[in-house]
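Using the hints provided, position chain W relative to the given structure of chain B.
Going down the list, the sequences are from chains B and W. If you count the first sequence from 1, position 128 lands on 128 in our numbering, and the numbers rise without skipping. If you count the second sequence from 1, position 56 lands on 56 in our numbering, and the numbers rise without skipping.
Since the hints were derived computationally from the structure, they do not count as laboratory data. Check each hint, because a few of them may be wrong.
Coverage of chain B stretches by chain W, computed from C-beta distances (three or more under 8 angstroms per stretch; other residues unrestricted) [unchecked claim]:
id, stretch
1, 76-89
2, 99-107
3, 111-117
4, 120-127
Note that the structure is predicted; figures quoted are calculated from it, not measured. Heads up, the beta-carbon is just placed ideally off N, CA and C, and yes, glycines get one too.
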Amino acid sequence: MAPGVNEDPAILRTEAVSKSFGRFKALAGISCEFHRGRLTAIIGPNGAGKSTYFNLLSGALAPSGGRILFEGRDITGLAQARFAALGIAKSFQITSIFPELTVHENVRAVLQAREIRLNFWRSRNAYPQFVAAAAALLERVGLGGRARVIAGRLAHGEQRALEIAMALASRPRLLLLDEPTAGMSPEETQAMMILIAGLVPAHTVILVEHKMKLVMGIAERVLVLHHGEVLAIGTPDEIRANDEVRRVYLGQREH
Amino acid sequence: MIAVFLTRAARHRALLAALFLLVLPFLLPFRATAVNVLIDGLFAVGFNLVYGYVGLLSFGHAALFGGGAYATGLALLRLGLPWYGALALGLVAGAGIAGVIGLLATRTRGIYFAMVTLALAECVYYLAYQASGVTGGENGLRGIVLTKIDLFGLDLDFVDPLTRYFVIATIVALALAALSRILASPFGAVMEMVRENEARARASGVDVRAVRVLAFVLSGAFSGLAGGLQALHLAIVPIETLDYGNSGMVVMMCLLGGAGTFFGPFIGALVFLLLQNLVALVSSHWQLPVGVVFMACVLFLPRGIWGQLARWRPA
Chain B
1 MAPGVNEDPA
11 ILRTEAVSKS
21 FGRFKALAGI
31 SCEFHRGRLT
41 AIIGPNGAGK
51 STYFNLLSGA
61 LAPSGGRILF
71 EGRDITGLAQ
81 ARFAALGIAK
91 SFQITSIFPE
101 LTVHENVRAV
111 LQAREIRLNF
121 WRSRNAYPQF
131 VAAAAALLER
141 VGLGGRARVI
151 AGRLAHGEQR
161 ALEIAMALAS
171 RPRLLLLDEP
181 TAGMSPEETQ
191 AMMILIAGLV
201 PAHTVILVEH
211 KMKLVMGIAE
221 RVLVLHHGEV
231 LAIGTPDEIR
241 ANDEVRRVYL
251 GQREH
Chain W
1 MIAVFLTRAA
11 RHRALLAALF
21 LLVLPFLLPF
31 RATAVNVLID
41 GLFAVGFNLV
51 YGYVGLLSFG
61 HAALFGGGAY
71 ATGLALLRLG
81 LPWYGALALG
91 LVAGAGIAGV
101 IGLLATRTRG
111 IYFAMVTLAL
121 AECVYYLAYQ
131 ASGVTGGENG
141 LRGIVLTKID
151 LFGLDLDFVD
161 PLTRYFVIAT
171 IVALALAALS
181 RILASPFGAV
191 MEMVRENEAR
201 ARASGVDVRA
211 VRVLAFVLSG
221 AFSGLAGGLQ
231 ALHLAIVPIE
241 TLDYGNSGMV
251 VMMCLLGGAG
261 TFFGPFIGAL
271 VFLLLQNLVA
281 LVSSHWQLPV
291 GVVFMACVLF
301 LPRGIWGQLA
311 RWRPA
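Extracted from the complex, chain B is given alone in its bound form (with noise of 0.2 angstroms):
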């Protein structure tokens, strides 16, 4: 972000939008911004609506009502490709990566798919510049000796670092992670937490969880959803005060 281009701080805000999925409704009109280069979470109790709304955000739904302006441009409705190609990007809850490829290729291929795409006749191996930042990314998220391995058989923790390389590969200017951290277990978590912290402010980074406790130590600003309503949105420490986030929280003991 290049000084005196776009003085508005908040890159993306959701202007009243909600979903309906039939007569369900799963999210009733919510209105947020979110700044550059801060990590906002995206916390809730199960069913709160973080999912549909993260999809909203990443563009693999599109709401039923309201408006997604991203840098001050409406992007309601448009295709999920063209949010990518925008400029966001996204992990997958469930995780999502080319297991049949090498780890390094999984993220060069992101990386060469951004620029290059309807070359037929050069080989793919004939633009260095993708092989030395694709050994970048991998390096900053720990797997850069794994580089070789077939990424379908990377330990799971291992597969969720390298969902984010290729996140980060196709140079977002927002990224959204959707619980990085599930099914992981507590030093895995602990190390992509670090993981997570360590991105911004180079980058802006939205992240939904499910776990309150995670997020409160690494987070900027805390969203909190309830029943497909905003319930409280405030730095941690107001998130952790507010009577009504407790009490919804209270009796969830897991936290």
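Then chain W, alone, in the frame of chain B:
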């Protein structure tokens, strides 16, 4: 061991294919089979581009192959084009028909895709059947004459079976070399992404549908070229070229040899035609034993003959 050897060999796959084509007619019990292996092999390789590399099961490839055959035949017969111009027209016709079918069929998925391609191919069949003034209708397109071929100043006798084999083999080898380059290109990498994980490809900014349509068009070009070669070889385009049985045959050849591998479909065509010819010596019901072998392959060699070999590792 074998897998390692095959991986190394894959780097020179076009060269290896050329060597194989050089000796093929001397290995087969019937010389006539060799030309059919070339043509159907190229057809199966073209089919594999959509089935094996972007995961689309087409049941309409007869329209692409047959379209190429008719275009080449008509170009020779009615337009008086030279043989290479006629072949080029066959290739373009295959790609063009594939473009139309691809644009319509990629709106659907899975079994619906297969059904839509089948239905559209049947439309092409009936179009050729009804337009008998141009295509010869149910009698097929007859009277194609090609006895001499001029290749870079060489005047080749296309009637001589061995010369004919090597002319066609050269064209097929060039097509395989082109395919090898396409698969190794950035577009080949994008096709792999779509096959491996469609959702991830989409999230990486790849327009999955456009890639599928493009792959279908490329597949149509190879299939159309194969059809054109068959028109030159047979000197007639039978209406059966457009029949859905032809679409089914190419699926079997591809699966038999190994979908998604470079040589697999070619090996599949070879095995299929060999079996067909050998069984036909003793009985006219060749479909039954070939069908049994096909089912055995699907059950015990799910990756196909070549696909299984390439993965084999000693215990």
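Query - chain W covers the stretch 99-107 of chain B, three or more CB atoms within 8 angstroms, holds or violated - result: holds (count 3)
Report task. Check, residue by residue, whether the stretch 111-117 of chain B contains three or more positions whose beta-carbon lies closer than 8 angstroms to a beta-carbon of chain W, and give the verdict. Result -> holds (count 5)
Query raised in the report: Mind checking, does the stretch 76-89 of chain B have 3 or more residues with a CB under 8 angstroms from chain W?
Result: holds (count 5)
Query - Given coverage of the stretch 120-127 of chain B by chain W, tested with a Cβ cutoff of 8 angstroms and a minimum of 3 residues - result: Answer holds; 7 residues pass the 8 angstroms Cβ test.
Hint compliance for this structure: every hint is met.
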